[in-house]
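Enquirer: Assemble the whole structure, with the sequences as input and the hints as a guide.
Per my numbering, numbering through the sequence shown is continuous, rising by one, with the last residue being 710.
Calculated directly from the structure, the hints in this document are not laboratory data. Ideal placement from N, C-alpha and C gives every residue a C-beta, glycine not left out. Heads up, some of the hints might be wrong.
Pair by pair, the computed Cβ-Cβ distance ranges are [said to hold, decoys possible]:
#	residue 1	residue 2	range
1	Glu264	Pro235	40 to 50 Å
2	Glu264	Lys695	56 to 66 Å
3	Ser667	Ala600	18 to 28 Å
With a Cα cut of at most 25 Å, we get these calculated SDA-like pairs of lysine to any residue [claimed, not checked]:
#	residue 1	residue 2
4	Lys416	Pro235
5	Lys416	Asn225
6	Lys547	Pro558
7	Lys695	Ile481
8	Lys695	Gly630
9	Lys473	Pro291
10	Lys547	Gly276
11	Lys416	Phe239
12	Lys416	Asp354
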Amino acid sequence: MPPTSNRWKAWRASVPFITFVVALGTTTDVLVYSLVITVFPFQLERLRYHDVSSLVGWLLFIYSASLVCATPLAAMVSERFHSRRGVMIAGQCSLIVSQLLLMEAPTFWVMCIGRAFEGFSSAVVVTVGFALLCDTVPEADIGSKLGIAMIGYPLGSLMGPPIGGALYDRWGYRAPFIFGIIFTVFDMAGRILIVEKRNLPPMEQTEQTSGDADPEKEAKSTNGTTTQFEPVPSAESPASTPAPELSVFGVLWKLLRSSRTIVTLAVTFVWQAYCGKNHFARRSAKIAKKCATFVEIGKNLRYPFAFSAAEVTMPLHLQATWGLNSTKVGLVFLASILPTIISSPLAGTLSDKFGTGVIASLLLLLGIPWWGALTRTFSLAFFIVAYAIENAFIAATASPLSSELAAVTRGMDGVGYAHTYGAFNIFYGLGNSKFSRLIIWQIYGHSSIGWDLINYINLAILAVCLVLVLNFLGEKPLLQGLLRCRAVVAN
Numbered sequence: 220m221p222p223t224s225n226r227w228k229a230w231r232a233s234v235p236f237i238t239f240v241v242a243l244g245t246t247t248d249v250l251v252y253s254l255v256i257t258v259f260p261f262q263l264e265r266l267r268y269h270d271v272s273s274l275v276g277w278l279l280f281i282y283s284a285s286l287v288c289a290t291p292l293a294a295m296v297s298e299r300f301h302s303r304r305g306v307m308i309a310g311q312c313s314l315i316v317s318q319l320l321l322m323e324a325p326t327f328w329v330m331c332i333g334r335a336f337e338g339f340s341s342a343v344v345v346t347v348g349f350a351l352l353c354d355t356v357p358e359a360d361i362g363s364k365l366g367i368a369m370i371g372y373p374l375g376s377l378m379g380p381p382i383g384g385a386l387y388d389r390w391g392y393r394a395p396f397i398f399g400i401i402f403t404v405f406d407m408a409g410r411i412l413i414v415e416k417r418n419l420p421p422m423e424q425t426e427q428t429s430g431d432a433d434p435e436k437e438a439k440s441t442n443g444t445t446t447q448f449e450p451v452p453s454a455e456s457p458a459s460t461p462a463p464e465l466s467v468f469g470v471l472w473k474l475l476r477s478s479r480t481i482v483t484l485a486v487t488f489v490w491q492a493y494c495g496k497n498h499f500a501r502r503s504a505k506i507a508k509k510c511a512t513f514v515e516i517g518k519n520l521r522y523p524f525a526f527s528a529a530e531v532t533m534p535l536h537l538q539a540t541w542g543l544n545s546t547k548v549g550l551v552f553l554a555s556i557l558p559t560i561i562s563s564p565l566a567g568t569l570s571d572k573f574g575t576g577v578i579a580s581l582l583l584l585l586g587i588p589w590w591g592a593l594t595r596t597f598s599l600a601f602f603i604v605a606y607a608i609e610n611a612f613i614a615a616t617a618s619p620l621s622s623e624l625a626a627v628t629r630g631m632d633g634v635g636y637a638h639t640y641g642a643f644n645i646f647y648g649l650g651n652s653k654f655s656r657l658i659i660w661q662i663y664g665h666s667s668i669g670w671d672l673i674n675y676i677n678l679a680i681l682a683v684c685l686v687l688v689l690n691f692l693g694e695k696p697l698l699q700g701l702l703r704c705r706a707v708v709a710n
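Expert: Now the structure itself:
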């Protein structure tokens, strides 16, 4: 039996512990994000600034710009120095500095610096956290563990605004930040305890992998994406020859040469714009106290491409059609968040068993028709149910998409998980575009059927995504397989 110290070290490198730490990281990221959004408007008013909603929009833009700029840096440092833990700890230090600056900021420009630090921290969560998860988890279980890690997005968004509003009302502006710092320190403790798998003795690495993997599942995974890049033992295999270290441009070139990567990132762009962290935070902000303030601020947020079109205009549609106030609109948004807590990990587990292409296609196929149902106005109850079902299916596509990126990465020499999830994170940041918001407002404001047009646009974009997924996702894409079968039958 190994000594107690060795067992303790092995536990800190175990799949359950690493999964918990990454899930805690996503929760902390969204929780802190939504906590500070809750109190920004009131602090800017206290500092005697005018046009508060516009200034909040700039704070959100600085966060997004920092996230996009910091992501390549976090990815390259993590891969170059072969360290996940160190970069993740640095990310948490950045988050603490951010909250201290925002809490004590005497002027708007100091708040901007704080938001830049927060953007760096968020860049680390997905880029390095997901890479660490893929380093640790057996290939046959990556989808399910990524799905569990993503629970943090809806969970953090549900917790943040109500807690932030209550703390602000009871103890003032600093209270939400103090709570966020305490939660961040707890998260950092988990990151400090991490032991990366590469730091374990070779024998313990083998024992951990064989103990965590399900042999029966490994045998059945040949139809999915979990074993498609298993290295063949040979003198030239990665096991005996170190992978070449590529430059930034070398990594980009390899990623752009893969049709699977391009399609996955393109669909991710759509998903992240709709169901990512800012999406959840914007929704849940509507259920915090003084909801009307957040609805007004929402007009100046950097709403993302195509998908969030409904998010921009839905409060107006619900008010015009059923006379809902801002609080009741928030409850509608709340109903759409709750199903994703179950659907994301379930989709990840099914992706491990049946393959990413099959599950992603099925989720899109089941989610698309409900966009058409949102144009019906005969019943508010039907509208809420349709919206919740649509969101449950579409949000869950994140699990097979992220699992697909892990599978593709395993087949690229010199490209690490941090590189690929860095691209994933950049597409998320770029998805938050002001340009698309302006287009949607023009459609909604200048057409008597603006709401219907927006939903049909969303439906069309999703339909294009479905075609791409059918044709490119997975080791053996579904559409290509069907065409080959048809050709065989015809001959």
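Enquirer: The structure should be examined with respect to each hint, and the outcome stated for every one.
Expert: Outcome of the hint check:
no.	hint	verdict
1	Glu264 x Pro235: 40 to 50 Å	holds, 45 Å
2	Glu264 x Lys695: 56 to 66 Å	holds, 58 Å
3	Ser667 x Ala600: 18 to 28 Å	holds, 25 Å
4	Lys416 x Pro235	holds, 13 Å
5	Lys416 x Asn225	holds, 13 Å
6	Lys547 x Pro558	holds, 18 Å
7	Lys695 x Ile481	holds, 16 Å
8	Lys695 x Gly630	holds, 15 Å
9	Lys473 x Pro291	holds, 15 Å
10	Lys547 x Gly276	holds, 24 Å
11	Lys416 x Phe239	holds, 15 Å
12	Lys416 x Asp354	holds, 7 Å
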